Each structure stands twice: as structure tokens, then as C-alpha cells.
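Chain E is fixed; fit chain G onto it per the hints.
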Amino acid sequence: MTAPIFELLQQQLVPADADAASTTAAADATTPPVRSLGVQHGVLVLAITPAALLPLAQRLRDEFTFDLFLDVTAVDWPGEALRFEVVHHFYSTTHKARVRLKIRVPESDPTVESLTSLYGSAGYMERECHDMYGIVFRGNPDLRPILLYEGFVGHPLRKDYPKQKEQPLVPYRPPQSALVR
Amino acid sequence: MPLSAEPILQPPIANPVQAVFTASRDDTTVVNIGPSHPATHGTVQIIAELDAEKVVRTDVHCGYLHRGFEKECEDHTWHNLIPYVDRLNYCSALINNFAYCDAVEQLMGIEITPRTKYLRTLLAEYNRVADHLTCVAAQLMELGALTAFLYLVTVRDSMYEHLAALTGARVTYSYGRIGGLAFDVPAGWFKRLEEILGEYEQYIERVHGLVDRNRIFIDRMRNVGVISTKDALHWGFTGPILRSTGVPRDLRKDTPYLAYGELDFDVPVGINGDNYDRYYVRMREMDESVYMVRQLLEMIPEGPIMVDDRRCVFPDKALVYTEIESLINHFKLVMEGPVVPAGDIYLAHEGANGELGFYIVSTGDGQPHKVHVRSPSFVHMGGVHTMLNGYQLADIVTTFGSVNMIGGECDR
Numbered sequence: 002m003t004a005p006i007f008e009l010l011q012q013q014l015v016p017a018d019a020d021a022a023s024t025t026a027a028a029d030a031t032t033p034p035v036r037s038l039g040v041q042h043g044v045l046v047l048a049i050t051p052a053a054l055l056p057l058a059q060r061l062r063d064e065f066t067f068d069l070f071l072d073v074t075a076v077d078w079p080g081e082a083l084r085f086e087v088v089h090h091f092y093s094t095t096h097k098a099r100v101r102l103k104i105r106v107p108e109s110d111p112t113v114e115s116l117t118s119l120y121g122s123a124g125y126m127e128r129e130c131h132d133m134y135g136i137v138f139r140g141n142p143d144l145r146p147i148l149l150y151e152g153f154v155g156h157p158l159r160k161d162y163p164k165q166k167e168q169p170l171v172p173y174r175p176p177q178s179a180l181v182r
Numbered sequence: 216m217p218l219s220a221e222p223i224l225q226p227p228i229a230n231p232v233q234a235v236f237t238a239s240r241d242d243t244t245v246v247n248i249g250p251s252h253p254a255t256h257g258t259v260q261i262i263a264e265l266d267a268e269k270v271v272r273t274d275v276h277c278g279y280l281h282r283g284f285e286k287e288c289e290d291h292t293w294h295n296l297i298p299y300v301d302r303l304n305y306c307s308a309l310i311n312n313f314a315y316c317d318a319v320e321q322l323m324g325i326e327i328t329p330r331t332k333y334l335r336t337l338l339a340e341y342n343r344v345a346d347h348l349t350c351v352a353a354q355l356m357e358l359g360a361l362t363a364f365l366y367l368v369t370v371r372d373s374m375y376e377h378l379a380a381l382t383g384a385r386v387t388y389s390y391g392r393i394g395g396l397a398f399d400v401p402a403g404w405f406k407r408l409e410e411i412l413g414e415y416e417q418y419i420e421r422v423h424g425l426v427d428r429n430r431i432f433i434d435r436m437r438n439v440g441v442i443s444t445k446d447a448l449h450w451g452f453t454g455p456i457l458r459s460t461g462v463p464r465d466l467r468k469d470t471p472y473l474a475y476g477e478l479d480f481d482v483p484v485g486i487n488g489d490n491y492d493r494y495y496v497r498m499r500e501m502d503e504s505v506y507m508v509r510q511l512l513e514m515i516p517e518g519p520i521m522v523d524d525r526r527c528v529f530p531d532k533a534l535v536y537t538e539i540e541s542l543i544n545h546f547k548l549v550m551e552g553p554v555v556p557a558g559d560i561y562l563a564h565e566g567a568n569g570e571l572g573f574y575i576v577s578t579g580d581g582q583p584h585k586v587h588v589r590s591p592s593f594v595h596m597g598g599v600h601t602m603l604n605g606y607q608l609a610d611i612v613t614t615f616g617s618v619n620m621i622g623g624e625c626d627r
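These protein sequence lines are chains E and G, in that order. Just so it is clear: in the first sequence, position 137 is 138 by this note's numbering, and no numbers are missing. Just so it is clear: in the second sequence, position 348 is 563 by this note's numbering, and no numbers are missing.
If you are wondering where the hints come from, they were derived from the structure by calculation, not from laboratory data. It is possible that some hints are incorrect.
[Claimed, not checked] Here are the computed lysine-lysine pairs in the DSS-like style, where the Cα-Cα straight-line distance is at most 30 Å: (1) 286(G) / 103(E); (2) 468(G) / 445(G); (3) 286(G) / 164(E); (4) 406(G) / 332(G); (5) 160(E) / 103(E); (6) 547(G) / 164(E); (7) 166(E) / 532(G); (8) 468(G) / 406(G); (9) 286(G) / 547(G); (10) 269(G) / 97(E); (11) 547(G) / 332(G); (12) 97(E) / 332(G); (13) 103(E) / 468(G); (14) 547(G) / 160(E); (15) 445(G) / 103(E); (16) 160(E) / 286(G); (17) 97(E) / 445(G).
Source: prediction; values computed, not measured.
Chain G on its own, in the form it takes in the complex:
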């Protein structure tokens, strides 16, 4: 049978992303990097104008996961949002969890129990280490340092398994609750935590030995992706990127929340604001976090993990089956959700990438009127072009790795 002469109809695929510019000169080329380029991560597209290997200007598109986080939030009870907040920054979901819960608790005027307060601080720091490990490992792998990547990911995997033993999930923990935590720490968990911290120190020392004074690494990182303090503030950068320029802005120090006011730790800052400084700030921050976790292990008191507040906390199952009030309470909490007093609040925690803020509006209903997340990655995408322009094409990979963009945070 002869082949049909008719051409196969192409499916209607259009490029929904339009660059703001075309080639400005005859000898420059406009190229698309991404979406989902193997050397970058996430659904990001960088449209770059190149003069040979040099990047003249870039237009960065953050991409979209089509998850509809904020729209979904308006259709669920306050409790049921917790799995959604997990998926914002899936490298450090516990920080998202606790920031969201903290915002709702403050709006309701709930004071969490001391054990919850310390446990949350410990877990947030522990998760921050895992997040930084992911970022640094990915950045090193993108430079070809596979051994360092494997070392760091080995530790991270121990942490993920360890957290899975606590929460029951590998990355989407859903461990925070409004008014406390889902359940208490299992037996032997703290002992294993100390083992993993020891393992971390071993491996991180090897990574320091491998790359810190490695000529190739330094040449690729030093004076690449430089951003000044003024520019970093102008473009709204927070977290390790801002600290790498020398601004010691850390919400854990500036406006202490949870138990951070009682802890002893430093805020590492960089000098140049280049890729090497960002790498080093993250490495130092992990050490500080481990130091904090060690302090917290000594401080955690015994006691309940949930507050005794029937507006948001489920009654005991034994009571639900025997008492009509508890049964009604349970039913109303499931069907209508906790009632949050009318008002609005903006509450920010220091996420692994920067300021993670929740702007929550309640009308006194069982469902939020609005939940807006001020996610660091999304804001960083708005200014990342200042760090890319003027460098080589290959530097996009390293610089972009040091920004640690998380696709889930760019979603709305």
C-alpha cells in the first residue's frame, strides 16, 4: 500500500511564552533554554540573546505547574490545606507546614505547647539541612562533581528515610497540624538523629575537601553571577542569596519565632555575592542548623503535642465514641473545619530559600477567603536575569543552580 501523500497533521502546539525582545544586532542569536532543560531544574524557560558564548540579555519565565494552589485553598477547610502547602517547596515541606500552621494559629490566638514549639524548631532546621543538601548537590552535579553529589545525596537520603520514619511520607510530610503536630516522635528517633548528624559531618568534610579549593570549581564559581547588595534588595532577594551579598538578614534572628530566640547560632554572610559565596553560605548554614538541632535535642521537654482547644483539635477517639459533645465536635471539625476568626495576617518564616510568607484572609468561615503564599523562588525568578546577563552561556547553569528555584513555589 503506498504511503499517503497527505502530510500528517501536526497537533496544534503553540509556544505560549513570548520573549520581550528579538535579536538586537545582526551578529547575535536568540536561543531558548528550556523549558525543563536537563541542565537546569524545574519548568523554567530562559530566552537568552547570545553574542557568541556571551549572554547579552535574558528573559526568564518561571513556568507553571497548573496545580491551582491558591484556588484550591479557597475550597477546602483550614485543615485540609496542609497537604497542599507541603507541595510548595517539596525539599523542605516541614518549613511550609509550620509556617502555614503558625499563621493560622496566630490568627486564632492559639499558643502551641512547649514540646511542639521545640519539636517544630528542630524539624524545621533538620529539613533546612536536607534542602540545602539538595541544592548544593544539584549545583555540584551540574558542574560535573558527581562524587560530591553522591556524598551529599547519601546524607540527604538518610534524612529522608529518617523523616519518613517519623511522618510516614518521604517528601510530602503533612506533619504539622493547626494547634500542634500530627503525632509524637517514635521511640529511638532521636538516637538515630544523632547518628545521622555524625554521618552528615563526615560527608560534608569530604565535600569541603573535594571542592573548596578545587581550581575548576573556583574558576567556575568565583566572580560569576555576582549581585550587589543594592541590587539584591532592589530585586527582592531574601535568604541565602541576600546573605551572600553581606546582608545578615535572617528572620530567625531579626524577628525570632518558635524557639529561635533561645538558641545560639550565627548568620553566615558572604562578601561578593557570587556563586561561590552562595555555595559557602549554604554550607555554613547547614553547620549552624546542625548545631541548633544539637542544642534543641537537649531542650525538648516532655508534654502534650497538641493544645487543648476544641476549635481546631480533634477530641480523643474514646470520647467521640462515648460522649455526644465530642461526637458533635468531631463531626463539625471534619465537615465544616476549624473556625478561624475574621481578619487577615501576613506571617513569614525563614524558609530554606528565603522569606516564606503566608498572607491569609479569613471571613470567620470554615474555609479561607484567601491564602496567598509569598514564595522566595517566585520572587527570585523576577530578578535572576541580573545575575545571568554579561556572563557565559555555561554560567547560566551554575548561577541558576545557586538560586535553587523550586517549581512548586512558582505555582499559584
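Pulled out of the complex, with its shape left as it was, chain E reads as follows:
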């Protein structure tokens, strides 16, 4: 079952010369900014470069009415050149269709653009992803820890984070400083 909006999206967003290569291909100058990975389980999946995210999300929201930003998360593929795969999920209440964006970023510079300027819901979810995987969302005005405390070392959902690891205790801070940034 393919929604008509998917064909339109593929025509409009994916450059004609882009081939549906695997997601693991390294991002270099020859990588097309948007590649279609086809419709998987009723969801249009696009593999994009980090630079293409913000303009693409803007177009998705403004031109194609993808008005709900559902989720952002990351997948850890240890040992690969581009270790993290940041996955964004969008939903359109008009077309009742879903789009998934996949971005590969290296461990040395796990940075993608933040979508907080477009969707308010991105704020909390990017904070969670930042906590759990150490992905840096450039432009998020409030990237404080959300589930972990200040001073937590490491990122628990990375594959190399041991399950049994103990964390140092939170150092004592005087109560009056608790509300002062």
C-alpha cells in the first residue's frame, strides 16, 4: 500500500540521479543529499546527509503538511565508519502518512541540526537522544540532561556502555545553588 503522497515526495525531494544505495555508505562529496530507501512497512524512508536535514524538514512541514514531529532517536552501529544513525519520524495529519529520515554521523563529530526551530516537540526528544547517545543537536537552546543527572559520565544506550557500570555519586552542592544556573 503506497500513499500517493509518497510518489510526490520521491519526485520532489529525491534528486533524479540518486540511487538507492545502502545506508552504510560513507557520506562524502559524491553522496546525494537525499536518497530514497523506498516504502518500508508503509513508511517512506529517506537517507539524507546531515546538511540536508533542516531544509528538508522545513519543506516537509510547510509544503507537504507533515505537521507532527513524532520522534527522534539514534541507533548505534559500533565499528562502522559512520557510527550513529539518527532517525527522525514525521507524520502528516492531512495525508495520514509517515516519513522516516535517517542520517549517519561519525563518532568523532555526532552533530546534526536541531529541529526545535520548526517543531516544539523536538526539544524534549532531542534532549533524550543527547543523554542516551551523545548526539549533539546544534541549535537546540536547552540541551540540559533530562533523564540523567549533571555529572553522569557516558551515554547509557551506546553499545559500549557496560550494563553493570556504576556511576560516581553526585557531588554535594549547597541547597541555595540548586536553582542558580
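Positioned in the frame of chain E, the structure of chain G alone reads:
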């Protein structure tokens, strides 16, 4: 013996939560509400800046249960996760169960049997009623309407006992299985179900009579915690909160799954997006769910509840003890778990609070590479401050009750 002059050393307790702001004016105060405030539920902390009784701005922290749901998932077989998904939204665990199982089944390409399909739909709707009852009851109790609370919780308790008779557990059912259900419905269960639906209707009518036109209730609920459609979409709200603003977005209608395509039901929507609308949307939704359960009772066919697929379904015990293939099959399913083909899937069901999505990545192994849950409560916490700012301090209690935040869903 004289008391020691040395002060007793305080244990090193630090506040791990820092507010994003300090008081902006001289005449405002920053107060902490929570964590675990008696008038709210869950481990939530709201740092609010108050101008007398008025909330100027808030910073909402969702808290953390330290259960490590997603990390644990990567270390267990696909089957063994089912008890973990139960504990996400413990008010409607069956919906979590079925959403997770559905996601894995779609990834494996399994089509469940007709009886399972209808039973799952029925149980999901039944559990949605229980969840909404909990939410509405808690909200009313927080406003002091104790009688209404007792009425609603009476029905909910009948449902919990009834579900315990089916699944063996009061709230953490673990009833779904990849490829079907744990076991079939016991004798007489459907008869008792009809009795409870009748009981529900009696009590819900009394609650409508008690509060719907109650002056205090309306004054506390109308035009409080208002959110516009645009804001609700912007902040990613789904479920009853989004519907209370007038958007008829319901995954059961939009992209029908299980047996929802064959059922007749309405999607109740509100007008204002205030607390009263959220209360009323939930009340109406329960009626729709009961209507659906009644339809489903007529539709459930006889037949097996598990698919015949040896990749995920345990062979009969009689075969395990007599056949070597079945013995090996059983052993491999226990030790290595079902093998799910490599790939990823995002599958969402309409949970009681909104869109409950599972993003699952498999590498073709017996264990998931990643299980991510898109839980409605967590996303709602990101935008709840828009519903709190500008109202009175006491309104935080009602508005927060109408969001129905579940701590287990905020966990990762």
C-alpha cells in the same frame, strides 16, 4: 553523657535537577512542585515561577525511574521483552503488549489468526476503558470529588479483577505473545464481561450526574489549561489531548490496524482544548470503547489463538517430549529466542494517552539491536508547560491530571 558538639553529617544529597531560569523580577518566587507531589502523580517535578498565585513560567522535568528499559531490551530475547513492555503504561499494559507484538510480527511477516485479531482488539479497548477510568478518577479526586472517584475506581477494580482472571496478573498482564496470545479465554469470561459493562454504564451515569453540570467542577475545568490546535500539533500532542482541540486524529480510524477497520465507532473531539474538553473526550471515548467491545463480542470466531509458525511459537509439550525436532525447536526458542529478519520498523498503535510507537531494529539475531518506544507521556511532558503558564497555581493540579502522565512511559 553529653551530646556531641559535632553536627551530624548530612548525607550528600544534591538536587540533580536545575531550573533553566531564576526569578525574573523582585516580586516573583520560584517554587518546586514535586518530585512526587501528593497532588500530582509520578516522579515529576515542576519548577514554577509564581507572581502571587499566578504561574508566570514553568520548567517541567519528567523524572526518571532508573529501570533502563531500552538497555535491558538489547540484552534479552524478543520474547523476554514482553514483561518489560507491560511496565511502560501500567494502566493499559495490554495495549503496550499488543503494539510490541504487532511490530515484531510485521517485521517477521506473520499474520495472526482471526480469533487473536478480534480478541486483541477487544482486550485493547477494554484496557483503554480501565486506563481512562483511572485518569478521570484521579483527576476528579484531585479536585476533591471523592464520590465520583470511588464510583469510577469501583468499576476499574472489577475490570482489573476480571482481567486478572484472564491473565493471572492484576496490572502487569504479559498476555501478548509474538504470534498470538498466551492462552485462550477461560469459560464464563465473556459472560462476566457483559455484567461489568452493565456495571460500568450504571456508575458512569452517576458520575455524569454528579460532575457534568457541577458549578465548582466547571469553574475549575472550563477555560483552564487551554491549548490551541496549532500548539498541540507543534508540541507533538496526540491522543485525547489533541482530540480535545478538535483534531479527529485517531490511528484506529486513520490507519486501521487489528480489527478496527470492521468496527463502527466515532472519534469524539472537543472544541476549546481545555480541561473540561479533555475530561469529556475521555468520557465519550470510554462509551465508544464499550460500544466496540459489545460489537466484538458478536464477532469473535472460534479457532486457534497462535499461528502455526515454528520461528516464534513453542511446539506442543506432547511433541517436545516425543520428537527430536520439536525438542530442538523448543530449546532454540528458549535459549536463542525467535529469529527476526534484519530490518527496522516503526509501528504505532493508538494507546490510551496517544500514539504509542515502537521503533525496532533487528540485525537478524535472537536479540533486538534496538527497541525504542515513542511513548505519549514523555512527549506530552515536553509541551505541558504551555498549558500551565498563565494560570493559577491550583490549576496545575487539574491540568496535570488531564495530561495523564505515566512515569513508566517516561523511562528509557
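Taking the hints in turn, this is what the structure says about them:
no.: 1; hint: 286(G) / 103(E); in the structure: holds (21 Å)
no.: 2; hint: 468(G) / 445(G); in the structure: holds (21 Å)
no.: 3; hint: 286(G) / 164(E); in the structure: holds (7 Å)
no.: 4; hint: 406(G) / 332(G); in the structure: holds (20 Å)
no.: 5; hint: 160(E) / 103(E); in the structure: holds (19 Å)
no.: 6; hint: 547(G) / 164(E); in the structure: holds (25 Å)
no.: 7; hint: 166(E) / 532(G); in the structure: violated (40 Å)
no.: 8; hint: 468(G) / 406(G); in the structure: holds (28 Å)
no.: 9; hint: 286(G) / 547(G); in the structure: holds (23 Å)
no.: 10; hint: 269(G) / 97(E); in the structure: violated (39 Å)
no.: 11; hint: 547(G) / 332(G); in the structure: holds (27 Å)
no.: 12; hint: 97(E) / 332(G); in the structure: holds (23 Å)
no.: 13; hint: 103(E) / 468(G); in the structure: holds (28 Å)
no.: 14; hint: 547(G) / 160(E); in the structure: holds (25 Å)
no.: 15; hint: 445(G) / 103(E); in the structure: holds (27 Å)
no.: 16; hint: 160(E) / 286(G); in the structure: holds (9 Å)
no.: 17; hint: 97(E) / 445(G); in the structure: holds (17 Å)
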